[in-house]
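Please build the complex by placing chain B on the supplied structure of chain A, with the hints as guidance.
2 protein chains.
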Amino acid sequence: MFPSCINDIIESFKDLPGIGEKTAERLAFSLINFDKDRLTSFSDAIIAVRDKIKYCSVCGNITDNDKCSICNDTNRNSKIIFVVEKAKDISLFEKINVFNGRYHVLGGLISPLDGIGPEDVNIDNLIKRIDSDNVEEIILALKPSIEGETTMQYIKKVLEGKNVKVTRIATGIPMGTDIEYIDAMTLEFALEGRKDI
Amino acid sequence: MFPSCINDIIESFKDLPGIGEKTAERLAFSLINFDKDRLTSFSDAIIAVRDKIKYCSVCGNITDNDKCSICNDTNRNSKIIFVVEKAKDISLFEKINVFNGRYHVLGGLISPLDGIGPEDVNIDNLIKRIDSDNVEEIILALKPSIEGETTMQYIKKVLEGKNVKVTRIATGIPMGTDIEYIDAMTLEFALEGRKDI
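If you read the protein sequences in the order shown, they are chains A and B. Numbering (the numbering used here) for the first sequence: 1 to 197. Numbering (the numbering used here) for the second sequence: 1001 to 1197.
Please keep in mind that the hints were generated in silico from the structure rather than gathered at the bench. Any given hint might turn out to be false.
Lysine to aspartate or glutamate pairs mimicking EDC-like chemistry, simulated, CA-CA at most 20 Å apart [stated by the list, open to error]:
#1 A:86 with B:1021
#2 B:1036 with A:8
#3 B:1052 with A:180
#4 B:1054 with B:1085
#5 A:88 with B:1085
#6 B:1095 with B:1073
With the rest of the complex left out, here is chain A (with noise of 0.2 Å):
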């Protein structure tokens, strides 16, 4: 019913998550107003992210360089690493600008039941580094889950006898949110993790 080039961008819209049929015809014919050089930028964009991006050799963050910009960055505590599941997950950290020492993707999380194991999760790297740069401090930053229990027991396992400090980011009840509709478990948690006032 269209001209093909806009089914084939509908094509491409609907492959993005969260993209139907009705939004992507909606985004597809919103292009049509575009200036031809935004057209243009936006499809650059797109082969540059086939062409450029990488993973840092470090930490497995997203980077066009071999090193990321948080490990080129020498004003940046090392002895701290911030362990993150996804390399997206840095970015929200990093937005609320109060943690300055490096960063650990993971890419995954161990997940017995979907056959991902220790070896499938970028901790191996991890462990250097805590070797190489006498790091004195990991948090693990990953979704209180099964698989991100799993995984933080896993890495509190295989650290033990290292010199190194473990910890958690706390679980409990998010700000402005009602305790009513907060699940046990986090209840649980939130107790646990009580503080002095």
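Here is chain B on its own, set in the frame of chain A:
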């Protein structure tokens, strides 16, 4: 914070309607997991929109030829013209597969408050088509708003004296909607448009 090519693609996604900062970031990161071929076809599709999309010289629909596929289809009845605001509206009616006439895209609605007069809307070509094709009926499928009503009244007026029937699609209560939530003007139209059962 992100590699520059990721920032570029985030900016491009943010140009799309309904895509904010967070969604743009999520879409950009999803591209990293696309294989190279899919990224190439995505980029190619955008370039095709840039270079190939034109407006049909007859009806104003989008096309990659001089005339759109509907105007080129000799099996369609050229005595009835369905008048829509946007090229995209055509697909809505084509999908329900009940209309075998031709279309005409106005490309906008008359809106004196926004400085959009009849000369800014593709009405002259509509009149020429009515004359040259001996059109018997035009069906106005414009949205029932002040601009839509103004445009419909204007078209009705300029066609006075010509031997063409001018109709509009019904305004009323959408299927499945509780009457309680319908505005007064729609109710009035629905009452006026009542039919024997």
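Now for the hints, and whether the structure bears them out:
1. Simply put, residue 86 (chain A) and residue 1021 (chain B) have alpha-carbon atoms about 18 Å apart, close enough for the 20 Å limit, and the pair holds.
2. Restraint check for residue 1036 (chain B) and residue 8 (chain A): satisfied, since their Cα atoms lie roughly 16 Å apart, inside the 20 Å limit.
3. Between the alpha carbons of residue 1052 (chain B) and residue 180 (chain A) the distance comes to roughly 56 Å, so the proposed pair goes past 20 Å and is violated.
4. A hinted pair counts as satisfied when its Cα atoms are at most 20 Å apart, and residue 1054 (chain B) with residue 1085 (chain B) qualifies at roughly 17 Å.
5. Between the alpha carbons of residue 88 (chain A) and residue 1085 (chain B) the distance comes to roughly 41 Å, so the proposed pair goes past 20 Å and is violated.
6. A threshold of 20 Å between alpha carbons decides the hint, and for residue 1095 (chain B) with residue 1073 (chain B) the separation of about 17 Å falls inside it, so the pair holds.
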